[in-house]
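One line per chain: the protein sequences are A and B, in this order. Following the numbering used here, the numbering of the first sequence begins with 1 at its first residue and continues without gaps. Following the numbering used here, the numbering of the second sequence begins with 1 at its first residue and continues without gaps.
Just so you know, the hints here were simulated from the structure itself, not pulled from any lab data. Remember, predicted model here, so these are calculated numbers, not experimental data. Mixed in with the good hints there might be a few duds.
Said to hold, decoys possible - Here are the simulated DSS-like cross-link-like pairs (lysine-lysine), alpha carbons at most 27 Å apart as the crow flies: (1) B:Lys-135 x A:Lys-226; (2) A:Lys-27 x A:Lys-61; (3) B:Lys-146 x A:Lys-238; (4) A:Lys-404 x A:Lys-379; (5) B:Lys-81 x B:Lys-61; (6) A:Lys-344 x A:Lys-356; (7) A:Lys-239 x B:Lys-146; (8) B:Lys-15 x B:Lys-39; (9) B:Lys-65 x A:Lys-262; (10) A:Lys-331 x B:Lys-146; (11) A:Lys-268 x B:Lys-135; (12) A:Lys-408 x A:Lys-379; (13) B:Lys-45 x B:Lys-77; (14) B:Lys-76 x B:Lys-34; (15) B:Lys-169 x A:Lys-326; (16) B:Lys-169 x A:Lys-331; (17) A:Lys-239 x A:Lys-210; (18) B:Lys-34 x B:Lys-169; (19) A:Lys-331 x B:Lys-135; (20) A:Lys-262 x B:Lys-15; (21) B:Lys-26 x B:Lys-39; (22) A:Lys-462 x B:Lys-146; (23) A:Lys-340 x A:Lys-356; (24) B:Lys-146 x A:Lys-237; (25) A:Lys-262 x B:Lys-61; (26) B:Lys-146 x A:Lys-226; (27) A:Lys-414 x A:Lys-462; (28) A:Lys-268 x B:Lys-146; (29) A:Lys-262 x B:Lys-146; (30) B:Lys-135 x A:Lys-262; (31) B:Lys-65 x B:Lys-26; (32) A:Lys-27 x A:Lys-153; (33) B:Lys-135 x A:Lys-326; (34) B:Lys-45 x B:Lys-34; (35) B:Lys-15 x A:Lys-268; (36) A:Lys-231 x B:Lys-146.
As the list claims (entries may be wrong) - Beyond 10 Å from chain B on every Cβ pair, some chain A residues (computed): (37) Pro-25; (38) Pro-48; (39) Lys-122; (40) Thr-198.
C-beta: ideal position from N, C-alpha, C; glycine also.
Each chain is listed here by its residues.
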Amino acid sequence: MSITEDLKPLFYPESVAVIGASSNPGKVGNIILGVLKKTVKNLYPVHPKAEEILGLKVFNKIEDLPDNISMAVVTISASQTVEAVRSCAEKGIQIIVIVSGGFGEIGGEGTALEKELVSIHKEYGIRLLGPNSLGIFLPETGFDTIFVEHGDKALSGGGGIAFITQSGSVGTEALGLASNAGFGMRAFVGVGNKVDLTETDFLNYFAEDKETNCIAFYSESIDDGKIFLEKAREVSKKKAIVILKAGRTEAGQSAVSSHTGKLAGSDKVVSGAFRQYGIQRAYDEEEICDASKSLSMLPIPDGNKVAVITAAGGYGVMCTDYIEQKDAGIKLHLAKFSEKTTKKLNEINLSFASTKNPVDITASAGDEIYVDTLEAVLKDEGVDIVICLTFFTPPAITNDLVKKISNKALEFNKPVITFAQYGPYTNKYLKEFYDLGMVGFSSVYRTVRAARFLVERSDILKTFGEDNE
Amino acid sequence: MSNNNWIDGLNIPGKPDEWEVKELFKAYSIETPKGILLKPGMEFKGTELEQPLVVKVCDSKILHKSDIGGVKLNVKKDFGKVIAEMNHSFPESNLLIEEMVPYSGLEFIIGALVDPDFGPALMVGAGGILTELYKDVTFRLAPISKMEALRMLNELTVSEVLTGYRGSKMDISALADLIVSVGTLITELGSSFNQLDINPVVFSDGKWVALDGMSILNL
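Isolated chain A (complex conformation) (with noise of 0.2 Å):
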């Protein structure tokens, strides 16, 4: 069976138990059957004693269930939950979520038990899904496992990323406050222990989803590395790939009498594994929701020629600085413009801007310079991406340059990022033109960031053509 249709009953149960099923609000188990209930029609609680819990007849033992039920989702204690998965695969429910902890990560006695698990796994063939899971959450459904706040209302328009990791917490902590300011998600996917499912089954998945353009990854560990660097190669030429790999690991006792050693010591050969293989490095939480969402709503561009449009000077400098930054990696350039964009955009702006990349409109234009500058630089064939610094302060800038800004953005095959601090309403701003399909960020520094995630993505297909000659 193909992984598409062995992880179907995951992402698109028909019918849904929950093992540990509790009538007790803030229970894990009460709180994922209220979430559930809201979009699975076939739920079935299991509890020893009780007989109905938010409204739904519950059943006393697993034996009991009906047949055929595409996914269950445990949620009791680890010692429990081994014989209870053994009588799911018994009754042959094809999936299990195990939210449940206590298992490989405290060591001991979870080791021993995790252990069960796998072994149930190899028995029965049934695919498992943690332990140590927050599951699973679809926007493009509803559906959904995760029993704590996780922006899953912000999140709920979906998108083209997603989102596969290690740790339940790090995933909706980053993806909560990442929604503030829109982020589009096809999926969230929480790994946990990785009893039987793997990041390379995720990355199989996503692949041959359609929706999806973008698979992020956090990740401690990439238990089959090679098969899965040699996946992620395949996969990157159509779909981005990015990944925080947290956890450094030591190169061996061994490896220490090498310079090779030392220098690898701390985990530099994950970097370059990462670049051989077409994958993008984050190095944390911010950094990873950032460029997944610039590589999965951005046109990929050219080359490294950056356009910067600002009313503020300040900022146009700071920018500036940025881009030049010599030793960030991948490198990025300010636009030199033609003659003809520099006799237009003289045209276009008042006698005392700076009509020199970057561009300085003044805190004297309006919307109509801004919008025109921004046009006549996206023209400039010396133009690969454009980031417009936007400010709302200035008299002659109206709420409405968002919508002006983005629709002429828009009309061209180039990114345009943008940058906008308005104090408090920050957020509001940044949300308005995520909604007009915009990316934009509330630092200079993270939206200089998001371009060089751009031209490394532009720089990594390039590659693979060359690869190809």
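Let chain A serve as the given structure and place chain B on it in line with the hints.
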């Protein structure tokens, strides 16, 4: 010489000395200085190699030979005295006597190890005794294509010395070929391979030469 014969013939199993490592390099067309191995009690006449010479203690039990007087550079007519002193300091050890290779410009390091998650990996970067201070290195998983080797070199901060920085003349293409060869070497050593340093690698008379090499194998 097959790799298995080489592994089986090592003086100390799993720990080849510099001479043995360089024998392996030759099998992979990696240039090394012309030299001879002088075992304890053997005589060096002086006519075998062209001066100036380098005299090194050649013993895989000794890790940092230059720190303990185990390397003498620019040895000319007084080679007899130098060899006698070295034999006195390291009575149990072989000596490696090589022609001194003239070079100018930056020294590189090429290395390899086995990453616990991803397997055999190659490294290239700014070499020499200060390599660990510069930390200007980059890694890839082995084996690699020449295109990938060129991308590694272009990633280094020092990459411009390979493309004419301040008149420097170094052959970037040949250095990429050398990295590819090292990748092939460690791949063919297979599960025996553990780690390798070639440091420094220098550009001399139109060729890249491995001046020193150390390797550790799995037993």
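Outcome of the hint check:
no. : hint                  : verdict
1   : B:Lys-135 x A:Lys-226 : holds (26 Å)
2   : A:Lys-27 x A:Lys-61   : holds (20 Å)
3   : B:Lys-146 x A:Lys-238 : holds (24 Å)
4   : A:Lys-404 x A:Lys-379 : holds (17 Å)
5   : B:Lys-81 x B:Lys-61   : holds (24 Å)
6   : A:Lys-344 x A:Lys-356 : holds (12 Å)
7   : A:Lys-239 x B:Lys-146 : holds (25 Å)
8   : B:Lys-15 x B:Lys-39   : holds (18 Å)
9   : B:Lys-65 x A:Lys-262  : holds (18 Å)
10  : A:Lys-331 x B:Lys-146 : holds (23 Å)
11  : A:Lys-268 x B:Lys-135 : holds (10 Å)
12  : A:Lys-408 x A:Lys-379 : holds (11 Å)
13  : B:Lys-45 x B:Lys-77   : holds (11 Å)
14  : B:Lys-76 x B:Lys-34   : holds (16 Å)
15  : B:Lys-169 x A:Lys-326 : holds (24 Å)
16  : B:Lys-169 x A:Lys-331 : holds (25 Å)
17  : A:Lys-239 x A:Lys-210 : holds (10 Å)
18  : B:Lys-34 x B:Lys-169  : holds (23 Å)
19  : A:Lys-331 x B:Lys-135 : holds (20 Å)
20  : A:Lys-262 x B:Lys-15  : holds (19 Å)
21  : B:Lys-26 x B:Lys-39   : holds (21 Å)
22  : A:Lys-462 x B:Lys-146 : holds (16 Å)
23  : A:Lys-340 x A:Lys-356 : holds (12 Å)
24  : B:Lys-146 x A:Lys-237 : holds (20 Å)
25  : A:Lys-262 x B:Lys-61  : holds (19 Å)
26  : B:Lys-146 x A:Lys-226 : holds (20 Å)
27  : A:Lys-414 x A:Lys-462 : holds (17 Å)
28  : A:Lys-268 x B:Lys-146 : holds (20 Å)
29  : A:Lys-262 x B:Lys-146 : holds (26 Å)
30  : B:Lys-135 x A:Lys-262 : holds (10 Å)
31  : B:Lys-65 x B:Lys-26   : holds (23 Å)
32  : A:Lys-27 x A:Lys-153  : holds (21 Å)
33  : B:Lys-135 x A:Lys-326 : holds (17 Å)
34  : B:Lys-45 x B:Lys-34   : holds (16 Å)
35  : B:Lys-15 x A:Lys-268  : holds (26 Å)
36  : A:Lys-231 x B:Lys-146 : holds (22 Å)
37  : Pro-25                : holds (43 Å)
38  : Pro-48                : holds (43 Å)
39  : Lys-122               : holds (23 Å)
40  : Thr-198               : holds (13 Å)
Checked against the numbered hints above, the structure violates none of them.
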